[in-house]
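Enquirer: Residues per chain are reported as follows:
Number of protein chains: 2
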Amino acid sequence: MVPTQTRSDQRRARTRAALIAAAQNLLAERRTNVPILEITQLADVGLGSFYNHFADKEELFETAVDDALERFGGILDMLSDHEDPAVVFAQSLRLTVRLCRREPALTRVLIHRGLDITVADRGLVPRARRDIDAGIAAGRFRNTDSRIAVSIVGGGALALAALLDADPKRDADRAADDFAVDILCMLGLPDSDAVEICQMDLPNVDDLLVPAATT
Amino acid sequence: MVPTQTRSDQRRARTRAALIAAAQNLLAERRTNVPILEITQLADVGLGSFYNHFADKEELFETAVDDALERFGGILDMLSDHEDPAVVFAQSLRLTVRLCRREPALTRVLIHRGLDITVADRGLVPRARRDIDAGIAAGRFRNTDSRIAVSIVGGGALALAALLDADPKRDADRAADDFAVDILCMLGLPDSDAVEICQMDLPNVDDLLVPAATT
Chain A
1 MVPTQTRSDQ RRARTRAALI AAAQNLLAER RTNVPILEIT QLADVGLGSF YNHFADKEEL
61 FETAVDDALE RFGGILDMLS DHEDPAVVFA QSLRLTVRLC RREPALTRVL IHRGLDITVA
121 DRGLVPRARR DIDAGIAAGR FRNTDSRIAV SIVGGGALAL AALLDADPKR DADRAADDFA
181 VDILCMLGLP DSDAVEICQM DLPNVDDLLV PAATT
Chain B
216 MVPTQTRSDQ RRARTRAALI AAAQNLLAER RTNVPILEIT QLADVGLGSF YNHFADKEEL
276 FETAVDDALE RFGGILDMLS DHEDPAVVFA QSLRLTVRLC RREPALTRVL IHRGLDITVA
336 DRGLVPRARR DIDAGIAAGR FRNTDSRIAV SIVGGGALAL AALLDADPKR DADRAADDFA
396 VDILCMLGLP DSDAVEICQM DLPNVDDLLV PAATT
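The listed protein sequences derive, respectively, from chains A and B. First residue of the first sequence? That's 1 in the numbering used here, and the numbers climb one at a time after it. First residue of the second sequence? That's 216 in the numbering used here, and the numbers climb one at a time after it.
Treat the hints with caution; some may be incorrect.
Stated by the list, open to error - A short list of chain A residues far from chain B (calculated; beta carbon distances all over 12 Å):
1. D44
2. R113
3. N143
4. D165
To be verified - Distance windows between CB atoms, simulated:
5. A/E38 to B/A232: 38 to 44 Å
6. A/D167 to B/A353: 35 to 41 Å
7. A/D56 to B/P418: 54 to 60 Å
8. A/G48 to B/G261: 24 to 30 Å
9. B/I290 to A/H82: 32 to 38 Å
10. A/P168 to B/M415: 27 to 33 Å
11. A/L79 to B/N419: 54 to 60 Å
12. B/S407 to A/A138: 41 to 47 Å
13. B/D416 to A/R122: 53 to 59 Å
14. B/L262 to A/D56: 30 to 36 Å
15. B/A381 to A/E38: 50 to 56 Å
16. A/L79 to B/D348: 51 to 57 Å
17. A/A138 to B/A381: 46 to 52 Å
18. B/L417 to A/D201: 51 to 57 Å
Note that these hints are calculated values from the structure, not bench results. Source: prediction; values computed, not measured. Every residue gets a Cβ at the ideal spot worked out from N, C-alpha and C, and that includes glycine.
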């Protein structure tokens, strides 16, 4: 039986979505240090309704980042149509690390959240594990403990994000590709194969992440 | 010219060392939630002298962890006498991850500090970079950007520490060895070589880390 959604449930969901979209717009503009009143005005909801959904601003921004990552993960899912699981995973890694420069405010929230992300059950980490397991099952990756491999990928990506944040002159595209080569080698590909895969053209995912549509 | 150390400099250094040793003892006993007065009593120094050295308890515990890591790094340095840089680095990785179970309180402070550690210029990360550079120079590791590789190793080790902390039943020795195999493969070793190296006997480093000698 499909649960019926009342009109008030729908309104509640719309309010929550409007607050998250407002927070993502603020993240995109790097303006996270604003009063809650300004956030509710941007979202066009009452100040009091904020606290029906979030304990504080930090919780809202964390939710906004989770939502953005979940959406980005959905975009990556749609791109995963190559038959070689190594290509699929390399493209995800290369696009994800490129986010550091495109979405610096979101990245800073991620760095601040830190290692929690790597044990989360939604967003990018479970997708990485799925991709690694698929590569092992296909015999394309070496037989390794994917839970440990995904810790290395997730923790490594966060540490690389911190490095890129601390060193604005470092070429993020190159760092992203070098990172993906390192990870493919970790998963058992020969160096030359890994380099070749990480030089392939990437799909264009601009304007697909933040901000969310606010309509 | 060697700078002369006055008697008051020496006393100051002794006070600081006593506070750090007390904090390391508390970390080892997992008692970080104690009043500053108790810490100064353990260190046998005056309460007021605490604030000559540290802004707050958090700064003291962070310093205590840095000091412990620096000391652990010094121990690893002494062990690094094998001629194969892959063996040297694998032993460091296997011993470091094993710390998670032996020193859970220290590990939690590290997880809490998070990614700062991976851009620090002392402790384990610069040593990891030195070992990776040595392996590349010797032609034992593939030619890769060691700054990115060390981010992966440092971030990966932290994420693995978080995983072990969240899952007390997971076999830490096995996780440590699997982690080291993954990293050696990342650095270009064939799977079979990496597995063989990570099954070698480890030196015994028990009782060498925390607590520091308080004499």
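Enquirer: Each of the hints needs a verdict: does it hold here or not?
Expert: Consistency of the hints with the structure:
1. D44: 36 Å, holds
2. R113: 9 Å, violated
3. N143: Check fails; 9 Å does not lie beyond 12 Å.
4. D165: 9 Å, violated
5. A/E38 to B/A232: 38 to 44 Å: Between A/E38 and B/A232, where Cβ atoms are some 49 Å apart, the hint is violated.
6. A/D167 to B/A353: 35 to 41 Å: Violated: the Cβ-Cβ distance is about 27 Å, outside 35 to 41 Å.
7. A/D56 to B/P418: 54 to 60 Å: Since the Cβ atoms of A/D56 and B/P418 sit about 49 Å apart, the hinted range of 54 to 60 Å is violated.
8. A/G48 to B/G261: 24 to 30 Å: Taking Cβ atoms as reference, A/G48 and B/G261 lie about 51 Å apart, which means the hint is violated.
9. B/I290 to A/H82: 32 to 38 Å: 46 Å, violated
10. A/P168 to B/M415: 27 to 33 Å: 42 Å, violated
11. A/L79 to B/N419: 54 to 60 Å: 49 Å, violated
12. B/S407 to A/A138: 41 to 47 Å: 20 Å, violated
13. B/D416 to A/R122: 53 to 59 Å: The hinted range 53 to 59 Å is violated for B/D416 and A/R122, with Cβ atoms some 42 Å apart.
14. B/L262 to A/D56: 30 to 36 Å: Given about 34 Å between the Cβ atoms, the range holds.
15. B/A381 to A/E38: 50 to 56 Å: 36 Å, violated
16. A/L79 to B/D348: 51 to 57 Å: Because 36 Å falls outside the window, the suggested range is violated.
17. A/A138 to B/A381: 46 to 52 Å: Given range 46 to 52 Å: violated, Cβ gap about 29 Å.
18. B/L417 to A/D201: 51 to 57 Å: This hint is violated: roughly 45 Å between Cβ atoms.
Checked against the numbered hints above, the structure violates hints 2, 3, 4, 5, 6, 7, 8, 9, 10, 11, 12, 13, 15, 16, 17 and 18; every other hint is satisfied.
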